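What follows is the residue order along each chain.
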Amino acid sequence: MADKPKVAFYWCASCGGCEESVVDLAEGVLDVVGAVDIVFWPVALDIKRSDVEAMPDKSITVSFINGAVRLSEQQEMAELLRRKSQFVIAYGSCSHMGGVPGLANLSDRAEIFRFVYHEAPSVANPDGAEPQQTLEVPEGELELPEFWDTVKRLDEVVEVDYYLPGCPPTPKLLANAVGALLSGKLPPKGAVLAGSKSLCSECKLNDTKPEKLLIKEFKRVPYTLVDPTKCLLTQGIVCLGPVTRSGCEALCINGNMGCTGCFGPLDGVTDFGGKAISFLASILDQTDEAAIERAIAEVADPAGTLNMYSLASSSLRRRRMKGG
Amino acid sequence: MAGTNDGWEPKIVAFVCNWCTYIAADAAGVARGQYAPNVRLIRTMCSGRVDPQFVLAALEKGADGVLVCGCHPGDCHYKEGNYKTLRRYVLLKRLLSQLGVNGERVRLEWISASESEKFKRVVNETTEQIRKLGPVKGSGGG
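For the record, the sequence lines run as chains A and B. Heads up, the first sequence is in the working numbering, so the first residue is 1 and it goes up one at a time. Heads up, the second sequence is in the working numbering, so the first residue is 325 and it goes up one at a time.
Just so you know, the hints here were simulated from the structure itself, not pulled from any lab data. Hints may be right or wrong, so weigh each one.
Mimicking BS3-like on lysine-lysine, the simulated pairs with C-alpha atoms at most 25 angstroms apart in a straight line are [unchecked claim]:
1) B:Lys-403 x A:Lys-212
2) B:Lys-456 x A:Lys-322
3) A:Lys-322 x B:Lys-461
4) A:Lys-172 x A:Lys-197
5) B:Lys-417 x B:Lys-444
6) B:Lys-417 x B:Lys-456
7) A:Lys-322 x B:Lys-335
Per label pair, the in silico range of CB-to-CB distance [stated by the list, open to error]:
8) A:Asp-207 x B:Arg-367: 36 to 46 angstroms
9) A:Gly-28 x B:Glu-384: 37 to 47 angstroms
10) B:Glu-404 x A:Asp-24: 41 to 51 angstroms
Predicted model only: the values in this text are computed from it and were never measured. Every residue gets a Cβ at the ideal spot worked out from N, C-alpha and C, and that includes glycine.
Work the whole structure out from these sequences, hints included.
Have a look at this one:
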């Protein structure tokens, strides 16, 4: 079986949903397993880091790395897999754009530790313990990973060949990507392996979106009776479909939720949040300043709404903690 | 801030509409008026062309302040471009405050073609305001 392509899966700062999406290939996973050798997959296989270190450089055909990079250990693992792999694919929103963990860039390490280890109402920490980087044990000194101030995308620490977007990517996109790699039909390096049009192009409600879309106010889902047969934007529900890459086949809209942008921006967009502001503000049909302020206040958390997955890949990347 | 920013001069990017503020700025120059040299003008066909991405990119690339100038409400050459600008600006400012960027660093002003005096005043005021705030620090927090 030596000549089967070798595949590795790894997770950094992620929730496990991307691993789940691999399992979601269901019986399709058998085709993948039949065609490739999975040589490293910590969540499912007992293979150690030292085993990967022992592999020859470039011996892994492709590594799928999910999760953002927030600990020094994750950078080390990404660098190790980069060295051992011909292709590295950033798998899922977190490794593509920082993802939801990237929202931690609204704080820094000191702020996060202060809340999580001292101030959170559920914390009992009478000794005021915090994570340390070194620990003395009878056998010697242990070194632990460093927790950074800023969450990074995978391509900030290693060269990335392709991006598979989504929170998580759909099994279909994964199967397509594996197929493309195995057949050698590869798009240009750096490509995002999903649609090239906006999500609206594959949304079943697109036909109900008027030519000129204008709304008087933004509404929040918990307080709104949503008509599942009409474009959510026409109902005032924030849906980022028009500025989000297609490829998921409008899963959230099929569940009567607006698109939150996990597939990231279309080609040519440098700042997803900026583009989202541009589009949302232009469909708001208000000209009076006070009315504009009132309507826009309904987008209660712009960073969390418009940069839910993309803060770590936005122009500013994080909050200015001082001197802003 | 004084003393720590020796030699530092505020860098301000101003996006100016072709039909109003750009003409006002030109008129200020023709009349040999003087205004702070800290401002770098970028002419756009309408303030509505100023994608919030441009403002974010300017701040990322080291602008200490950004001015967006367009026609007075009702006067837009394209009817309603400046209203779009206003709405984008309101939402953008809310995002910027979450990102720790002082709201005074980004300013929207309506300046018609005949208001070269106002143009000079706005540029000078903004420059002084940014001078008080000091330079935009790197990302802070590392």
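Hints, one by one, checked against the model:
1. B:Lys-403 x A:Lys-212: Given that 25 angstroms is the threshold and the Cα spacing comes to 16 angstroms, the pair holds.
2. B:Lys-456 x A:Lys-322: Distance ~15 angstroms between Lys-456 of chain B and Lys-322 of chain A Cα, so the pair holds.
3. A:Lys-322 x B:Lys-461: 7 angstroms, holds
4. A:Lys-172 x A:Lys-197: 17 angstroms, holds
5. B:Lys-417 x B:Lys-444: Holds: Lys-417 of chain B and Lys-444 of chain B sit about 24 angstroms apart, inside 25 angstroms.
6. B:Lys-417 x B:Lys-456: 19 angstroms, holds
7. A:Lys-322 x B:Lys-335: 19 angstroms, holds
8. A:Asp-207 x B:Arg-367: 36 to 46 angstroms: Cβ of Asp-207 of chain A to Cβ of Arg-367 of chain B: about 40 angstroms, so the range 36 to 46 angstroms holds.
9. A:Gly-28 x B:Glu-384: 37 to 47 angstroms: 42 angstroms, holds
10. B:Glu-404 x A:Asp-24: 41 to 51 angstroms: Between Glu-404 of chain B and Asp-24 of chain A, where Cβ atoms are some 46 angstroms apart, the hint holds.
In this structure, none of the earlier numbered hints is contradicted; all agree with it.
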